[in-house]
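Turn these sequences into a full structure, and let the hints guide you.
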Amino acid sequence: MKLAGLSCLGLGLTACGRGFGGGGDGSGGGGVQLNMVWWGDASRAQKTQAALEVFKKKNPGVTVKTEYQDSGPYKDKLATRFAAGNPPDLMMMRMDSLREYADRGALLDLNQHAGAVDLSGLSGSVRALAAVGDKNFGVASGLNSIGFVVNRTLTEKYGVKIPDGNTWSWQDLATFAREISKASGKKVYGTGFEAYTLANLIVFTRQRGEDFYTADGKLGISEATLVAWFEMFQSMRADGGFPPAGFFENVGGGAEQSYLAKGAIASQIIPTNNFLGYNAAAGGNLVLLRMPGETTEKRRGQSIDTPALWSVAAKSKHPAETLKLLNFLINDPDASRATGTTRGVPANAKVATEVRPSLAADDQVATDYLIGLQKEELPRSYTYPPGSSSIASGLQSIAAEVEFKRQTPQQGAAAFLDAGRKALGG
Amino acid sequence: MSGPKAAPVLDRPVAGAEASAGPRRRRPAKPPQDRAGYLFLLPWFIGMLFTVIPFFASLYLAFTDYNLLNAPKWIGLDNFAEMLRDPVLHQSLKVTFVYTFVSVPLSLAAALGVAMLLNRGVRGLSVYRAVFYLPSLLGGSVAIVLLWRYIFGLDGIVNAFLGWFGIDGPGWTTDPDYALTTLIVLHIWTFGSPMVIFLAGLRQIPGMYYEAAAIDGASRWRQFRSITLPLLSPIIFFNLIQSLISSFQTFTQGFVMSGGTGGPANSTLFYNLYLYQQGFSQFNMGYASAMAWMLLVIIAAFTAVNFLAAKYWVFYDN
Amino acid sequence: MTTEESFVERVGRTRRSRYTKHVLLCVVGAVMMYPLAWLISSSLKPDRLIFTDLSLWPSEWNPANYLDGWTALEQPFSVYLANSFVIVVLSIIGNLVSCSLAAYGFARLKFTGRKLFFTLMLGTMMLPGHVLLVPQYIVFAKLGWLNTYYPLLVPNFLATNAFYIFLMVQFMRALPKELDDAARIDGCGPFRTFWKVIMPLCMPAFATTAIFTFISVWNEFFGPLIYLTDSELYTVPLALRQFIDSEGQSQWGQMFAMSFLSLAPVIGFFIAGQKYLVKGIATTGLK
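Protein chains in written order, with our numbering: chain W, 1 to 426; chain Z, 427 to 744; chain D, 745 to 1031.
For the record, the hints were derived by calculation from the structure and aren't laboratory data. None of these values were measured; they are calculated from a predicted model. For glycine and all other residues, C-beta sits at the position ideal for the given N, C-alpha and C.
The calculated lysine-lysine pairs, modelled on DSBU-like cross-linking and capped at a C-alpha distance of 30 Å, are: (1) K854/D to K737/Z; (2) K886/D to K65/W; (3) K422/W to K499/Z; (4) K499/Z to K315/W; (5) K859/D to K737/Z; (6) K317/W to K499/Z; (7) K499/Z to K135/W; (8) K520/Z to K405/W; (9) K218/W to K499/Z; (10) K75/W to K499/Z.
Quick look at which bits of chain Z chain W covers, simulated, 3 or more residues with Cβ under 8 Å: (11) 489-501; (12) 574-584; (13) 593-601; (14) 683-691; (15) 706-713.
Laid out in structure tokens, this is it:
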């Protein structure tokens, strides 16, 4: 005990040296020090650090100080730093926060610096992800989409045929789900995904010829579409193909904790960049399909999205170097070779093709999925308007009301649209 | 101070102290202790730099439209008017009040009960004390939250247990009708910190009071009512005020369990959680500040009532 | 109840009641222990089993979580433990000194404006911290204290924690007033009275403060999150959260392993500190 105390003290003394120094502005050596922040876990940190080592070699005199957190605390710290006038230079930006910052002049308009960051390797729809009017406030840090994964081990076990993932309809999904549940004696539910996940609903909405958010930042989804969405869940649930109300928890996401990994459901919707993680957690026999309804509804619903954008602070003290770093991350194959697909498939299609062979097999599946999608004509999506975080939380609470039948789909849809329009100011 | 006689102790223990000081003997008029008082408070006065400046800054922000990124704009009482109209805010008030008025009395009673049990020389006392305090140590840890889904999930341990009795349990954290109840139960489970304070307080009671009472043949219950309760009352009062304040400000519990949403269906949307969403997710820091000051007024009102009521049941020796 | 009851009867009842008491305490204790047991067991499982294998006894052992977790982050985990340790120790000292001084002033001295200041102090407890965050951050930024431990430590030396002041005030007010009078008659000034008479009798309150400070500072997440940027300054809770990304990949097993390691000092401190919890008047007696 005493010994432990002494060694603690020793460690403590070394810690004393740090943390009490004259401020944290350790930009020694006269070079430029950039501050780059992002969210993620330790394994993403190692990959990011590897990319930055390459950058340092190619750009002597520029050092990059990074910082990362889990996405929730990251968001809080970023807001606090901006509020106090102390923003980082380069930051990972959520799609639904982009305009909260951009519309208030906090982010650098990249179109003003077109020479510094080369966006020519990005497809038009990718370039448009962070476009607000004729300005552009970010670059996709990687690409993803949502897709449907089916556990082939379970379908084979219960002798249910997996529908053709390129042409299936929502009705096919319901039938498939019912068959699985029936064949397994209700031990396994055919499918399960959240009604409140905005990305899911956005695809459904677009397939019906509407935009969830319109070009001028309003809610474009109709009441009828939202009712149809809620009713689809109700009927699948009544059919037995979908888990009962209260099945899904809000505690963390993550592949390991999913019911897919536990084998309690046979299929679900995932962000494609997480395919590797889910496949590993679920036993390695997942098939990645497109969303149902892509060929059977009015128009295509899937789109190329990004898990996060890279944005530059308008107040950055070193915009030139920051843009150079951004350009490196987007366009240099060495950067993407180091980071892999931790933030999605590289946004630059040429880089993606070049990096593909160095990826793990499951990441290649996800990459091919996106390269395939990018070749097709898809409706464009618009940036989330300011105030959209209250839309997301509103949808979540209404979806629960409907799930537990405290409100009918009609009541829920009307209440959601009412509150949503108010939140978006009109 | 001389040992109090048993009989007056039983009547009213504080009377014993008074008696030894002499019946209504006037204390000699003391000079005001301004200099000493301010010296003792000196650190606190300097500390006001970090507490009182932000405190009044937030009061100013309550009357502004402040989105964290642009300079605050004075809008007078608009934020407060909006609060009257905001149905989500009303829901969050309801959640917070229910939570406070159910969980505070229950957890204090549990804490006091266990503290009494442990105070009376149980063998292995220190082990029990540590074990009962454990949940408070684990509290809001990210790791533990994952455990709750196993315990309270639709296919969790609680429902498996209920299943033996043929009861089909709900999703304890996912069903809007049960989620708040689950949080209340979990809160009572962390009665460790008020318990520790009670234990410390019980140790402040001179043992001779009990010896005297025991010689007089007073029952355990009588001793509890006539000695323990009055002499512990300042500590009970502290725990009450403290639990009220922290319960009105509950944040972590609701945040962790619902992933920050206050779900399902806003059934665990605590006032403070909604305030946080407004301030940091929706960039309405002006509105959040107004909400904060409204909460301050509510808490202050309850605290004031308690301070007034304290005159009748809290015994200080002066 | 009369004293005429037979001795045997009484002994029998106490024994029975003592027995039921222990059974009761043990059952409740088991419920209290379960999460810790689960945490330890999860820290020894491979990631994929943590969420699928519900038994407390791992069906497959993975002690490597401890080795890997120790080195998985930018700094070895010992750095975070040492940082937290320094902050905790200094915070305890700061809180004990500054809060006990303020508490004595509020509890035992009469001075102009006492009620006003006391109310203000309680008031600062009542405002939700989230709205204070940005103004506080600006104050510390202006002082040039970002990315140092000063924002986490200096306030503790300046009695900014109203909770502990209020706690000590209540304990001090519970002490007989005659103590002060007697001390004054003996020629003690307020400082000597505080030091010689009140302090020794408030040990349980100080122990409580120390334990609570240890736990709250050791677990504090938001302050270090906002003020520290260098990973070599990070505290344990910041480090633990770096194992997780709620929207992507997470290293659960390593996180559980390091969580358990970082719980050990807290539990140890509580066990070591609790003997002072019981050093009140009841044991030391009134002089």
